[in-house]
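**Q** The chain contents come next:
4 protein chains.
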Amino acid sequence: MKPNMNQQEIAEKSSAILHQADKCARTLGIQIVEVSPGGAVVSMTVHADYANGHGYCQGGIITTLADTAFAHACNSHNEMNVAQGLSIEFVRSAKIGERLLATAVEQSNGKRTGVYQVLVTNSDDRIVAIFSGKSFSRNQAIFSD
Amino acid sequence: MKPNMNQQEIAEKSSAILHQADKCARTLGIQIVEVSPGGAVVSMTVHADYANGHGYCQGGIITTLADTAFAHACNSHNEMNVAQGLSIEFVRSAKIGERLLATAVEQSNGKRTGVYQVLVTNSDDRIVAIFSGKSFSRNQAIFSD
Amino acid sequence: MKPNMNQQEIAEKSSAILHQADKCARTLGIQIVEVSPGGAVVSMTVHADYANGHGYCQGGIITTLADTAFAHACNSHNEMNVAQGLSIEFVRSAKIGERLLATAVEQSNGKRTGVYQVLVTNSDDRIVAIFSGKSFSRNQAIFSD
Amino acid sequence: MKPNMNQQEIAEKSSAILHQADKCARTLGIQIVEVSPGGAVVSMTVHADYANGHGYCQGGIITTLADTAFAHACNSHNEMNVAQGLSIEFVRSAKIGERLLATAVEQSNGKRTGVYQVLVTNSDDRIVAIFSGKSFSRNQAIFSD
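Chains as they are written, first to last, in this note's numbering: chain A, 1 to 145; chain B, 1 to 145; chain C, 1 to 145; chain D, 1 to 145.
Hints are not guaranteed to be accurate.
Which copy is meant is left open, so a pair is good if it fits within one copy or across any two.
[Said to hold, decoys possible] The calculated lysine to any residue pairs, modelled on SDA-like cross-linking and capped at a C-alpha distance of 20 Å, are:
hint, residue 1, residue 2
1, K95, I10
2, K111, R126
3, K111, V82
4, K13, R126
5, K95, R138
6, K95, N78
7, K13, H54
8, K23, S93
Note that these hints are calculated values from the structure, not bench results.
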């Protein structure tokens, strides 16, 4: 990688490469709002197609949104990371049409594993879900120049 | 509800009502393979649109599949339950085109809360993910006759 | 309860009652450093008796410390809450003799359930463990006057 | 290690070495009931000193019991493993004087990480807690001859 890239530029380039290949995010209409070293903010509007049997946004789709923020955060250091596992607590239902924001922060980043928290909030800035993701490093760069 | 319905009939009717309203499951092509009192098996083929930035099925989509099995299992007693939270460990990547099966079993079903384990397996019958869902009862029937 | 008690006084009284009955905390030498509405800080020194087979503080004992902070935080509103479940990620080993601090914050507090995050740190202020606790309200006061 | 040791003998020797060094298990009175390749059963009687502020066995102590079963299971292949993290759902309170059993089974065992489920049951064989542990391999043997 260019020796003169700073951490923010590395985060942005890693994120752009990841998003370019991420069909799932595009399928769901997930947008990358911002990335930073160890952090990411992504957003999605709850489409009617995402409704579960109770009429609210399916929890797995909220998880996918949070997981996407997590992916951009844990891959922001130009080191390829995959999700080992995650947990999520659903605090408030998300209605069809609501725009959700998922904000990921790095809580720990060790040699091989990392821990990231993601808060999913609605347009009233109230918490919809609290997510924790565990990453595992592939010991491999995302880009090389 | 009809006094002469048995537990299996109740599970099937609850599941049919849930699936009928579940746009997300239909959007993703999730099929209900079978339901039983406290249990459910659902399946999904990994569409190219579900690929993450690394080219494998996005973990949130695997979570959605498992969450759907969990929803049918925890709503199988004609008592409306919602997901409080879940955790999932990703054991093996799922490739585009693979058919995944999610099998939910009830581990605990208390007055207000329940715990369900879901195993997601691939066509080789190998574990893709291990999921645990926590349900919360709305103290409300799904159907009344 | 006295009509003139403020939220901080309620938190302190709830915590004092809880700690008074908490034999486990006393057995392990856990001290309550401070409580606030929705929050708590507790501490413990890692005794040689808490070592696991690898020579570091057993993860379950770190969990007990975090769980104690969680208990004081989720019981700080004079409403009896019990732990439904918890998850914890171990980030760094804790050595015998180290003094650990567990700091709990309320992330969500609904009608019946709440979510609390606890960070366990060592004397260098580095994260040892990241804990998430889910509470369930008994709909019952802790004290009545 | 002796070329003629079978998997069961390896599990028993790994467990004996681990238990010998495990001061925490001895402090709490945890006994190793049996080990097998990938599995372990351990037991503990709830001492009055383990009571929380509500008068039942502190959840962290139940976690420590489950974590001990997990440790013996994930270290049963003569490969040193540590806990990365765990989650536990508390299903039923454990009273003072009750004898608890924790039974660990291996759900996944990859190159570096593994997933183990532990069920904690009481003397009526009812589930007290459902635990999931994530292991990380140190790529190091427990014993060499």
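**Q** Could you run down the list of hints and mark each one as holding or not?
**A** Hint by hint, here is what the structure shows:
1. K95 <-> I10: neither (36 Å within a copy, 28 Å between copies)
2. K111 <-> R126: So K111 and R126 pass the 20 Å test across copies only (16 Å; inside, 34 Å).
3. K111 <-> V82: both (14 Å within a copy, 15 Å between copies)
4. K13 <-> R126: neither (31 Å within a copy, 30 Å between copies)
5. K95 <-> R138: Between. Shortest inter-copy distance 18 Å satisfies the 20 Å Cα cut-off; intra-copy 37 Å does not.
6. K95 <-> N78: neither (36 Å within a copy, 24 Å between copies)
7. K13 <-> H54: Cα proximity of K13 and H54: across copies only (15 Å, versus 40 Å in one copy).
8. K23 <-> S93: Between copies, since 16 Å is at most 20 Å while 26 Å is not.
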